[in-house]
Amino acid sequence: MSLVIKDLHASIEETPILKGVNLEIPKGEIHAIMGPNGSGKSTLSKVISGHDDYEVTSGSVTLDGEEILEKDVDERSRDGIFLAFQYPAEVPGVSNANFIRAALQARLPKGEELDAVAYYKNLYSKMDVLEMDRKFTARAVNEGFSGGEKKRNEILQMMMLDPKYCILDETDSGLDIDALKIVAKGVNAMRSPDRGFLIITHYQRLLDYIQPDHVHVMSDGQIVKSGDKSLALELEESGYDFLKEGELANA
Amino acid sequence: MSTIIAQSSILESAPQTPSESPKWFSDLQQQAWADFQSLPMPSRGDEVWRFGNLKQLDFSAFTEGGASEVKFQIPSLPDGVICLPLAEALQSHGDLVHEHFMKSDARLGSAKFTALHKAKTKNGIFVYVPDSVEVEEPIEVSHILTGSNEAIFPHTLIITGKNAKVSVVDRFSSSNEDDAGLCIAVNDLIAGEGSKLTYCAVQELNTNSRMIQVNATNVGRDAHATAFIANTGAQWARNESVSKMAGEGAHSDMLSCSIPAGTQQYDQRTYQHHASPHTNSDLLYKNTLYGTSKTVFSGLILVDEGAHYTDAYQTCRNLLMEDTTEANSMPGLEINADQVKCSHGSTSASISDEEIYYLCARGITPQLARRLIANGFSTDVVERLRNEKLETIVLEAIERKFATV
Chain E
192 MSLVIKDLHA SIEETPILKG VNLEIPKGEI HAIMGPNGSG KSTLSKVISG HDDYEVTSGS
252 VTLDGEEILE KDVDERSRDG IFLAFQYPAE VPGVSNANFI RAALQARLPK GEELDAVAYY
312 KNLYSKMDVL EMDRKFTARA VNEGFSGGEK KRNEILQMMM LDPKYCILDE TDSGLDIDAL
372 KIVAKGVNAM RSPDRGFLII THYQRLLDYI QPDHVHVMSD GQIVKSGDKS LALELEESGY
432 DFLKEGELAN A
Chain R
3 MSTIIAQSSI LESAPQTPSE SPKWFSDLQQ QAWADFQSLP MPSRGDEVWR FGNLKQLDFS
63 AFTEGGASEV KFQIPSLPDG VICLPLAEAL QSHGDLVHEH FMKSDARLGS AKFTALHKAK
123 TKNGIFVYVP DSVEVEEPIE VSHILTGSNE AIFPHTLIIT GKNAKVSVVD RFSSSNEDDA
183 GLCIAVNDLI AGEGSKLTYC AVQELNTNSR MIQVNATNVG RDAHATAFIA NTGAQWARNE
243 SVSKMAGEGA HSDMLSCSIP AGTQQYDQRT YQHHASPHTN SDLLYKNTLY GTSKTVFSGL
303 ILVDEGAHYT DAYQTCRNLL MEDTTEANSM PGLEINADQV KCSHGSTSAS ISDEEIYYLC
363 ARGITPQLAR RLIANGFSTD VVERLRNEKL ETIVLEAIER KFATV
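Chains E and R supply the protein sequences, listed in that same order. Per this note's numbering, the first sequence runs over residues 192 to 442. Per this note's numbering, the second sequence runs over residues 3 to 407.
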């Protein structure tokens, strides 16, 4: 059971960004992707989630054996893909509690109603883990949230929706050390043999708190190097200059 | 055997004031009829009808059929409160009605139709809450347009004494989906010193019907008046709302939530008149437009000479659910005093693709995502009512509308 990305090519407005990404994330594992700006990391996450600004020109993405590239964004989410956004959208007028509730309701069979009492109980317990104030339930989704509050809100949604595969796109950016630890706590609480993670990050810092099983380096739309967590430390020390020098190891 | 009585147009039949009404009232109706006949029809050049649809003003097909109903849902009332159908109040409390009945001039364009209302009104509600008396539960009045081409002229007159409190809801609906109707409603809200008066109009007429609603609010010293208008029905609705901050420390909230769809058109004109110092008014009108619907908002804030330390805000926000909709906004200010804080603005926007994508990325269908956002956009102004019962009444009307778009 894995999320398998095979020879994925994708473009935005005719400009190729992903140029043959190959990656397999089995359930139970945490994979980290690192790489310089513009290497295609965020694009990969958006393409997997189904953002329609990107055109997939070839390749496949299968979720536990099932092709998802033909599916709509909402369907992929219900199938078990979760993307924690680098820059979560603000949705004025829709309260956080109603939003998450609607997302859970969307996963129920037609005619079945979400148990409101159980829902709030669950929501509050997850918010406690993330040290989120109860007032966030009534506030409009991400509206006026600080950077750190938005990221915690992403993790809250991830915890509530219980996805099969979680993609975290630069969740650590804009987080101070305390917020980073809280976010890591949320992610670690969700580690399970039934769930796979893809963590996209610039810095090794997040990986001090979330131990990855595998680390990949992305450059110019491809995975160019893979290793264990020591690769992240290596990158932290020597940077990405090796990419320019052509010392590319095969992915 | 049935008798067919030829109904004549409301534009041709002189008022027939019931004989049991006081003489002053029948005189007033005759005078109003003369005024109606002499006042000019609005014309294209009138600023207050700019972007308006004058074709909607041909009311010659409408008659006073008498089939329409008025239903009252009146909570238990504290001693001293008068809450009666207008026709009864005219008989039992004629002097009190006389003192307050339609004292302000319609100044936002519908003077002619306000005169017609005055000449023809038979029903509606009269509410008087004496000093220091508080009515907790809302008083509800339902006006149900019934019969083909029938016109009604419901009147609402609410008076609060010193430190009194009351809330009143007028609901306007049709008995079926097809019969064209016309409703020309006038409501006068007179908020006495330190009182809290909340008025809410919920317009859900069928889409063959037309509505003119003229609201005049007079806010006394330290009083707080709220006038809320919800529009989801009618082919065409015109709202004219005037709020006068007459006493020092007066506060007025002018709120509206409208959801036109199909070919519906809503035309709203407002006037925030600050006549005393240290007064405050806050206007928020929100439109959510579907189909090829169209809205017009025109608002003016007037701060009189000497009305120093005025805070006046005016915002019209339009959410365009489809790019075939049209929202026109004309905010305006005229300030003749010092130490005044005023702002006015209007926005028109559609839901951004990024918002939809975000909700969809959590498994919510695009259709539901759009509805959640539109619903949230409306809920925001409804919550300004700060009264759970009234909010529920309006939110239910909004839900009924969203279920059809």
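Honestly, the hints are just simulated from the structure, not real lab data. A few of these clues could be false.
Here's a subset of chain E near chain R, in silico, CB distances under 7 Å, partners left out [stated by the list, open to error]:
no., residue
1, R269
2, G271
3, L274
4, Q277
5, A288
6, L299
7, P300
8, D411
SDA-like cross-link-like pairs, simulated, lysine to any residue; straight-line CA separation at most 25 Å [what the hints assert, rightly or not]:
no., chain 1, residue 1, chain 2, residue 2
9, E, K262, R, Q369
10, E, K376, E, P217
11, E, K355, E, D243
12, E, K355, R, L370
13, E, K262, R, K164
14, R, K164, R, K73
15, E, K326, R, K73
16, R, K73, R, V50
17, E, K326, R, G378
18, E, K262, R, D355
For each residue, glycine too, the CB sits at the ideal point set by N, CA and C.
Verification of the supplied hints:
1. The closest approach between the C-beta of E/R269 and any C-beta of chain R is roughly 4 Å, which is under the 7 Å cut-off, so the hint is satisfied.
2. For the restraint placing E/G271 at the interface with chain R, the shortest Cβ-Cβ distance is roughly 10 Å, beyond the 7 Å limit, so the hint is violated.
3. Proximity of E/L274 to chain R holds as hinted, the smallest CB-CB distance being about 6 Å (cut-off 7 Å).
4. Contact between E/Q277 and chain R, as hinted, is not supported at the beta carbon level, the nearest pair being about 12 Å apart and thus beyond 7 Å.
5. For E/A288, the shortest C-beta to C-beta distance to chain R is roughly 12 Å, which exceeds 7 Å, and the interface hint is violated.
6. Interface hint at E/L299: violated, since its Cβ lies 11 Å from the closest Cβ of chain R, which is beyond the 7 Å cut-off.
7. Because the beta carbon of E/P300 sits about 14 Å from the nearest beta carbon in chain R, more than 7 Å, this interface hint is broken.
8. Because the beta carbon of E/D411 sits about 26 Å from the nearest beta carbon in chain R, more than 7 Å, this interface hint is broken.
9. As the CA atoms of E/K262 and R/Q369 are separated by approximately 16 Å, the hinted pair is consistent with the 25 Å bound.
10. Between E/K376 and E/P217 the CA atoms are separated by roughly 22 Å; this keeps the pair inside 25 Å, and the hint holds.
11. Among the hinted pairs, E/K355 with E/D243 is consistent with the structure: their alpha-carbon atoms are about 22 Å apart, no more than 25 Å.
12. Straight-line distance between C-alpha atoms of E/K355 and R/L370 comes to about 23 Å, which keeps the hinted pair within the 25 Å bound.
13. Annotation: proposed proximity of E/K262 to R/K164 is violated, straight-line Cα distance about 64 Å (limit 25 Å).
14. Restraint check for R/K164 and R/K73: the C-alpha separation of about 29 Å exceeds 25 Å, so the hint is violated.
15. Among the hinted pairs, E/K326 with R/K73 is inconsistent with the structure: their alpha-carbon atoms are about 41 Å apart, more than 25 Å.
16. Proposed proximity of R/K73 and R/V50 is contradicted: the alpha carbons are some 34 Å apart, above 25 Å.
17. For the hint linking E/K326 to R/G378, the alpha-carbon distance of about 17 Å falls within 25 Å, and the restraint holds.
18. Pair hint E/K262 plus R/D355 holds up; C-alpha atoms about 18 Å apart against a cutoff of 25 Å.
Checked against the numbered hints above, the structure breaks hints 2, 4, 5, 6, 7, 8, 13, 14, 15 and 16 and satisfies the rest.
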